[in-house]
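Using the hints provided, position chain P relative to the given structure of chain Y.
Here is how the chains run, residue by residue.
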Amino acid sequence: MNERSAFQSIMIYFGALLILIWSAGPFLWQFSTSFQHDKALTEGTPSLIPDPFTLEHYYNAFVEKGLHHYVLNSLVVSLATTALCLIVGSLAAFALSRLDVKGRFGILMVILSVSMFPQIALVGPLYLIASDLGLLDTYRALIITYLALGLPLVTWVLFGYFETLPREIDEAARIDGVGVIGLLWHIILPMSLPSLVTTGLLAFITAWNEFLFALAFTSDRDSQTIPVGIANFTNQYYVPWGDIAAASAVVTVPLIVLVLFFQRHIIEGLTQGGIKE
Amino acid sequence: MSLGSVSFYPIVNGVYLSFTNRSLITQDNDFVGIANYLQLSADPSFWNAWWHTIWFTTASTGLETLIGLVMALILCEAFSGRGIVRAAMLVPWAMPTVVTSKMFGWLFDGQHGIINFILLHAGLIDQNVNWYGAPETALTTIILADVWKTTPFMALLLLTGLQTVPKSLIEAARVDGARAWTIFWNIRLPLLLPTLLIAGLFRALDAFRVFDLVYVLTGGGPADSTETLSTLSYKILFSTLQFGYGSAVSTAMFMTEGVIALVFCLFLVRQLRKTT
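In the order they appear, the protein sequences are chains Y and P. Under numbering that gives the first Met the number 0, the letters of the first sequence match residues 0 to 276, in that order. Under numbering that gives the first Met the number 0, the letters of the second sequence match residues 0 to 275, in that order.
This is chain Y alone, in the form it adopts within the complex (with noise of 0.2 Å):
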């Protein structure tokens, strides 16, 4: 280890500090607010801890804005997108790591180029498609669009988690009388059990996230996500920043509590995603 002098260990702490202030300090905010009254709110002094503390802004937004309709329909787009990216996306990264698929580099390429077109030159398009077949306003137009978003990067983190499992383990069991799907089901996929949990969170988030497809398919609240929802919080006259506060904090906390406890393993699967190729 190097000695380093007294002034870059303090430079380095009080850089150190900036990032944790910088990166948790506005949404420690936001989720403050979520407690506070509105008359605190548009008080001189603003105050980081609520008091009093007040849950008015949680009941206003499930029942009064009726938050529940979007989260489940959030929470079904979701784990129906997840679910199918794994499904499609291990069997097309086994597909291409152990059977012989011809250019099979080739396909990898294209694939990853899916995920560079912008998606407000398909939203257009697709719309057109979802109205012609009966699909705006259902959790199934939605769907089928996050798999097409999330599968890229699915397809190629397991891809390259496939690639590290040593062949074998194939040979083992073909011998043992195998086939090409037991292989799969019983030997690839458990052995792979990190990486399916992070493609899939991070499939997860994207459907979780994501506002433009959901905007453009969706317009009334059996089918609008949450990211909708509260974008349609505000009313004409005040915005209640409260309300959106307390929203913000339903479907954000969920999501950091799980992002916290895989961030390891996430920031291995998006460095390998993002950067690796």
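Honestly, the hints are just simulated from the structure, not real lab data. There could be a bad hint or two in this list.
Part of the chain P face toward chain Y, derived, beta carbon under 8 Å [as the list claims (entries may be wrong)]:
1) Phe18
2) Met94
3) Val97
4) Phe210
5) Tyr233
6) Leu240
7) Gly245
8) Ser249
9) Met252
10) Leu261
11) Val262
12) Phe263
13) Phe266
Not everything, but these chain Y residues come out facing chain P in the computed CB check (under 8 Å) [stated by the list, open to error]:
14) Ile18
15) Pro25
16) Gln29
17) Ala39
18) Leu40
19) Tyr58
20) Trp207
21) Leu211
22) Ser247
23) Thr251
24) Val252
Heads up, the beta-carbon is just placed ideally off N, CA and C, and yes, glycines get one too.
Same frame as chain Y, but now just chain P:
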């Protein structure tokens, strides 16, 4: 299959639509050649949005790379509590952009926002600023929101890049008495350059299609001062229902993205040639 039908087909279809006068109101659907593109090139609102998008992309990618690099250099050092800082950095990334937008709307609220309160008490401003309501500050404040949301992710990418720089190289330079700055400038930065370029490319392409932040924070206003290509395109598509003209805007945007990607790739190839 699914990728093909949900991504490639719509792109081709979108390019085709841009040569038609398809409208969901008048029910027109005729081939009109390059008429939409001629209209586009003479449309001041298109160029207005084009410049905003270019400025947004340049400013946010530049700032995010710079600040991200500083963050990565700090996180590269061993110190107690590093894990907590690294974890905290994922918070902005995990948040839905719509939530980020609303949050910044509240932080920068013209009357009761905490930012105005802090700046006022620090004596940096002498009266409340209407950040998102004034054309002079709106775009800058949106850029700030984007920087907040994405810089940590950039820092993580760069951190992985930094960690691949061989420690022995840095040790050797230290033994030779090189200063931290010299080590950064002559060893770390050159080796990090490919990572910087790729991360920058990803960021630039992403920033170029900014939609959620603008749509939720200002809706393109005030006085079109924050209109970007994505929000303009969305409005033409879904407010006026002119799918032909709207597709021309998004196709033009797609083309510009291709050019950005090409420029980055040229840099990258040149850089890789130099280092190998």
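Results for each hint:
Hint status for Phe18 of chain P: violated, given a least beta-carbon distance of 13 Å to chain Y, over 8 Å. Among the interface hints, the one on Met94 of chain P holds; its C-beta lies about 5 Å from the nearest C-beta in chain Y, closer than the 8 Å criterion. A hinted interface residue such as Val97 of chain P counts as satisfied when its beta carbon comes closer than 8 Å to some beta carbon of chain Y; here the least separation is about 4 Å, so the hint holds. Taking 8 Å as the C-beta cut-off, the interface hint given for Phe210 of chain P holds, the closest approach to chain Y being about 5 Å.
Given the 8 Å rule on beta carbons, the hint for Tyr233 of chain P holds: about 6 Å separates it from the nearest Cβ of chain Y. Hint status for Leu240 of chain P: violated, given a least beta-carbon distance of 10 Å to chain Y, over 8 Å. Interface hint at Gly245 of chain P: satisfied, since its Cβ lies 6 Å from the closest Cβ of chain Y, which is below the 8 Å cut-off. For Ser249 of chain P, the interface hint holds, the least distance from its beta-carbon to any beta-carbon of chain Y being 4 Å, beneath 8 Å.
Against a cut-off of 8 Å between C-beta atoms, the interface hint on Met252 of chain P holds, since the closest Cβ of chain Y lies about 6 Å away. For Leu261 of chain P, the suggested interface contact is broken, since its CB lies about 12 Å from the closest CB of chain Y, more than 8 Å. Restraint check, Val262 of chain P versus chain Y: the minimum CB separation of about 14 Å is more than 8 Å; hint violated. Because the smallest distance between the Cβ of Phe263 of chain P and any Cβ of chain Y comes to about 12 Å, over 8 Å, the interface hint for this residue is violated.
Restraint check, Phe266 of chain P versus chain Y: the minimum CB separation of about 16 Å is more than 8 Å; hint violated. About 5 Å separates the beta-carbon of Ile18 of chain Y from the nearest beta-carbon of chain P, less than 8 Å, and the hint is met. Checking Pro25 of chain Y against chain P: minimum C-beta separation of about 6 Å stays under 8 Å; hint holds. Using the Cβ-Cβ criterion of 8 Å, the hint placing Gln29 of chain Y at the interface with chain P is satisfied: the shortest such distance is roughly 5 Å.
About 10 Å separates the beta-carbon of Ala39 of chain Y from the nearest beta-carbon of chain P, more than 8 Å, and the hint is not met. A hinted interface residue such as Leu40 of chain Y counts as satisfied when its beta carbon comes closer than 8 Å to some beta carbon of chain P; here the least separation is about 6 Å, so the hint holds. With 8 Å as the threshold, the beta carbon of Tyr58 of chain Y stays out of range of chain P, its nearest partner Cβ sitting at about 19 Å, so the hint is violated. For Trp207 of chain Y, the interface hint holds, since its Cβ comes within 8 Å of a Cβ in chain P; the closest pair sits about 7 Å apart.
Proximity of Leu211 of chain Y to chain P holds as hinted, the smallest CB-CB distance being about 5 Å (cut-off 8 Å). About 5 Å separates the beta-carbon of Ser247 of chain Y from the nearest beta-carbon of chain P, less than 8 Å, and the hint is met. The restraint placing Thr251 of chain Y at the interface with chain P holds, with a minimum CB-CB distance near 5 Å, inside the 8 Å limit. Here the hint on Val252 of chain Y is broken, as its CB sits about 10 Å from the closest CB of chain P, past 8 Å.
When each numbered hint is compared with the structure, violations occur for hints 1, 6, 10, 11, 12, 13, 17, 19 and 24.
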